[in-house]
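Participant: One letter stands for each residue in the lines below.
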Amino acid sequence: MFAYAIRSLAQGLLVLVAVAFISFSMFRFVGDPVANMVGQEASVQDRQELAERLGLTDPWPVQFARFMGNAVKGEFGVSYRQGRKVSDLIKERLPATVELAVLSAAFATLFGVLFGVYAAINRTGLGSNIIMTGSLVGVSLPTFLIGIGLIFIFSVELRWLPSFGRGETVKLGWWTTGLLTESGRKSLILPVLTLGFFQLTLIMRLVRAEMLEVMRADFIRFARARGIPERAIQLRHALRNTLVPVVTIAGLQLGSVIAFAIVTETVFQWPGLGALFVNAVQFADVPVMAAYLMFVAAVFVVVNLTVDLLYFLLDPRLRSGAKIAKGH
Amino acid sequence: MQNPSPTPTGEAAPSPSRWARFLDSDLFFAFKTSPVAIASFILSVVMIAAALLAPLLATQDPFNPAVLNLMEGLTPPGVTNEFTNKSFLFGTDPQGRDMYSAVLYGTRVSLLVGAASVVFSAGLGVVLGLMAGYLGGKTEALIMRIADIQLSFPAILIALLVFGVARGIIPPAQQEEATLILLILAIGLSNWAQYARTVRGSTLIEKNKEYVQAARVIGRSPFLIMLKHILPNVMGPVTVIATINLALAIIEEATLSFLGVGMPPTQPSLGTLIRIGQQFLFSGEWWILFFPAITLIILALAINLLGDWLRDALNPRLQ
Amino acid sequence: MKVSKTSLWAALIATTMLVGAAEARTLKWARSGDSLTLDPHGQNEGPTTALNGHIYEALTERDHTGKLLPALATSWRVLPDDAKVWEFKIRPGVKFHDGSALTADDVVFSYQRAMQPTSDFKGLLTDVVEAKKVDDLTVHIVTKGPNPLLVNNTQQIHIMSKAWAEKHNATKAQDFKNKEENHSVRNANGTGPYILVSREPDVKTVMKRNDNYWGKGAVPHGISEIIYTPIKQDATRVAALLSGEIDFVQDVPVQDIERLKSGKGLRINSGPENRTIFFGMNVSKDDLKSDNVEGKNPFADKRVRQAMNMAINRSAIQRVVMRGESVPTGVIMPPFVTGWTKELDAAPTTDVAAAKKLLADAGYPNGFSTTLHCPNDRYVNDEAICQAAVGMWGQIGIKVNLVSQSKSIHFTLIQKNPPETDFYLVGWGVPTFDSHYIFSFLYQTRTGSAGSWNATRYSDKDVDAKIVSLTTETNIEKRNATIADIWKTLKDEAIYLPVHHQSLSYAMKDAFDIPVDVSNTPKLKSVAVK
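As they're listed, the protein sequences go chains A, B and C.
Take 115 as the starting number for the first sequence in the numbering used here and just add one per residue.
Take 285 as the starting number for the second sequence in the numbering used here and just add one per residue.
Take 334 as the starting number for the third sequence in the numbering used here and just add one per residue.
What the hints contain is simulated information worked out from the structure, not anything from laboratory work.
Beta carbons: idealized from backbone N, C-alpha and C, even for Gly.
Among these hints, one or two may not hold up.
Each pair of labels, with its calculated beta carbon distance range [unchecked claim]:
1) A/Val284 with C/Arg410: 26 to 36 Å
2) C/Asp710 with A/Pro175: 24 to 34 Å
3) A/Gln154 with C/Pro425: 45 to 55 Å
4) C/Val475 with A/Glu163: 44 to 54 Å
5) C/Glu499 with A/Ser201: 49 to 59 Å
6) A/Ala117 with B/Val330: 29 to 39 Å
7) B/Phe312 with A/Arg330: 47 to 57 Å
8) B/Asn348 with A/Tyr118: 53 to 63 Å
9) A/Thr247 with B/Val330: 10 to 20 Å
10) A/Arg330 with C/Glu591: 26 to 36 Å
11) A/Leu286 with B/Val330: 49 to 59 Å
12) B/Gly407 with A/Pro175: 26 to 36 Å
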């Protein structure tokens, strides 16, 4: 297992390099930062000079090599848009996104499993039909529309919750949190609902489907035959076996949550990495785009690694399976 | 249907008769007796038909800017326009486009983008997932790392990449037409890894079951084992994902257009129409958002319900 | 051009209701983008200038109508014996926020700083040879040749403290090649009406009233605290105003104006902006790749351009796309600019039949097809304007493919050398309020230093010579005659197809009355509070 982890880690590093390579090769398609960095009075000459100073006129393998050289040292340069160190920007924006993503994922997993189990156990009940239909309506709406709809209802009409931003935040070292103030907690509600909703429906449907399958399995029949109470079978035996694919998807979703946060953060003016990235793309702010993509890739690598390892812990059969696979 | 209790001999039975038997009895019977299935089936068929027949049903060609009259813009549903004395069932958008025609054509575009990209990504994902799970070793490592890379890229970025490269290759005059194919490629390429991972996970479990090991022992080729034994057993989760992904793909197109790279407003999909319509959420021109949004919801709902039911009905272990 | 300081300020005082300035009143202000940097010379960009203008000031300023007023300079003139030297008298008794006094040294330093390669304002000062201190309150700015227009550029060059910049190692604007952040990016020490309290870029900037402001008593200065929060999404920004979280919103979507007008306790101020929206096209003789005409360029034919100009139904665009928030025009020059006349501004009447005939005369009875590039995140409803125009050209047989994309890509197409677009939409504001600014960027032949926005490939030696002559012509009458002459030629050529002057709307709680600023840089010191 240790060897497996080491190998996965090495592969993860390769992924990072590949992501850097691909993302770097597409930057020139996003636009020209120089167009945004100078005022409208700048002459053709001025633009050319700036492009040369930034090294944007170099062939892109040279630019890529320079970027990787700096990235290894943890150096991402300064943002073309804001003139600030990219590492500072990432550090500053990270807490907002992590808080949003973790709470959304927790919300989605908790309610997704709850509703999914409920809908599987009471397969034909009214409640489960409502849940299933509601989830379908939910996945049929684009995230940005859900966000704007929530703002319209809860901010404009009812005036219960703020429509944008994080509210008051408290500094804990370099970390900032909105959980310790009332306005911070209120500000979290709508973005968390918006971001988590999609994942919730996905997890819920998956739990239901898996659970229904597991409930037909032989070992459940044996358990029933042995006279174990239905509730105990459902929760102890069925749910446990349902969790393998659920962990896969939920784990993968944590990555998507961070990626999807792009839209949610844009709608709610949430000062996280996603909003930083959207602004960077619009400005063609290459250093920030590169750093963000590396960051997201790193998160995915870690998440994937964790999911792989959890597989081993949750499904004992896989441990021998992996050995067989390697025995080829 | 009886529990297949998979044994090598049972699985080796010729599949056409089994498929025919399936259609003859159980599936059709289940369909007949499920009002949800019938309703969602009819709805889906009606909407697909409407989309296919859009040129016949529409009152104008909403993709031809020359037939639009700007002065007819923002006419509410059923109200007579003060300049041209025309009225429109679903009203008009700010360009004077008849929303009824736009929704018909938009459904067509959305369905096409959704279906084509799901077929593309599911096909790719299943093949790669099976190979990774069954063959293991270097193949698995390679495929799964590529999947990781794909997953590391938010869909929007893959779309941007595809668009950017396309901009370099395709002459500007054809770019508008090419957007549809680009979207299918972009959305398809940004979703296959999910299938691959899930299929691989299930394959890892399935391939150690007795019936597969038995098939291997009797010398069946890996290709046949994957196709005949493992594939049917991993289709459950794939159906769930594909079902959701059909609606998801349609919505991803909308999100892409929200961020600026979806179908152009001159050839709007439902997603583009919703993106345009959401600008009028506060201003009282509700019909510009309402009709595409409600169409999208009904479409996705019908497809999802049908998919749900199909999955339960096709899954022998749930009978 | 000497301006009497006393008469102006007396007039201002007389017309202004002076309220007890001590009352605490916070204004929460939102617009779509944040200031990019607090550095006074870092970014020559709208939202940056608008925010920074509350902290930093220049020798001169423009009021919301665009009128040039004295600010840190009390008076200015061209030296009678040397037309190449401008003399500025510095306002005495002005203090920076850190308490130090403003002197000629700071002014000279700031001009030098603005002329450095990393400054984004050097383009405004290309004619300047040097800035010289004469005495503590007098500065000379020396230009290469006589430059009658220099003072128009001074309101954009903010003055910072030399000592402060030196102390914090910020004597240059941010060099993006550097790996470290310049101190001036998030810190500021100006002379302006508001003092920076805190700044979180893209999130929130807090400023408090400068109670030692030199203009205290002359301006209402009613707002005691400004909290500036950028909100990118239109719907969210409007929602924040409707829900009461924000007091003042810029960049109000035109379709929401009606709803906001009827909102309780809300006020909408609208007015023209110093910006004109228009289409440009490649008028060179080269065959274009972006059209289906072989061997020639249809846009090179004046009749084709005139036909396309005639096909645009400007009043329909104004009415439906802009909801009245625009003024249709026939010239690419906002009405505030020297050289503007009613005759030039008149747009051709929409006439589809005549346009078709012109096209047929030009040899395109069945029209042709081409590609239009359009930004979708820069001007008010830019994409919708393009879409509407595409339909109108379709009605005279010209099939236009629309490619709309983000401004980062769009503007690059125009600025690339040679340009990578043959047909595009662009908008132009004129910060100097003078026609020369339009000529030199949009009509002059593209060379190293001129015509940087001229992607039309239009190049006329006579016109170029006339444009250049404007920069040194000191006789106002003669100069105006040349301007009129140039416009006459250009209007007839129909190089650009003007659409409209863009209007601006500010929405706010009715406790505030913030007038629309033609440059879209609201000046909150001149706001009284009820």
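Participant: A separate judgement is required for each hint: does it hold in the structure or not?
Facilitator: Now for the hints, and whether the structure bears them out:
1. A/Val284 with C/Arg410: 26 to 36 Å: With a Cβ separation near 56 Å, A/Val284 and C/Arg410 fall outside 26 to 36 Å, so the hint is violated.
2. C/Asp710 with A/Pro175: 24 to 34 Å: For A/Pro175 against C/Asp710, whose Cβ atoms are near 31 Å apart, the range 24 to 34 Å holds.
3. A/Gln154 with C/Pro425: 45 to 55 Å: At 35 Å between Cβs, range violated.
4. C/Val475 with A/Glu163: 44 to 54 Å: Check failed, 24 Å falls outside 44 to 54 Å.
5. C/Glu499 with A/Ser201: 49 to 59 Å: With a Cβ separation near 27 Å, C/Glu499 and A/Ser201 fall outside 49 to 59 Å, so the hint is violated.
6. A/Ala117 with B/Val330: 29 to 39 Å: violated (57 Å)
7. B/Phe312 with A/Arg330: 47 to 57 Å: Violated - the Cβ-Cβ distance for B/Phe312 and A/Arg330, about 22 Å, lies outside 47 to 57 Å.
8. B/Asn348 with A/Tyr118: 53 to 63 Å: Since the Cβ atoms of B/Asn348 and A/Tyr118 sit about 59 Å apart, the hinted range of 53 to 63 Å holds.
9. A/Thr247 with B/Val330: 10 to 20 Å: For A/Thr247 and B/Val330 the Cβ distance comes to about 19 Å; the hint holds.
10. A/Arg330 with C/Glu591: 26 to 36 Å: Hint violated: Cβ distance 59 Å, outside 26 to 36 Å.
11. A/Leu286 with B/Val330: 49 to 59 Å: The hinted range 49 to 59 Å holds for A/Leu286 and B/Val330, with Cβ atoms some 57 Å apart.
12. B/Gly407 with A/Pro175: 26 to 36 Å: Holds: the Cβ-Cβ distance is about 34 Å, inside 26 to 36 Å.
Of the numbered hints listed earlier, those contradicted by the structure are 1, 3, 4, 5, 6, 7, 10.
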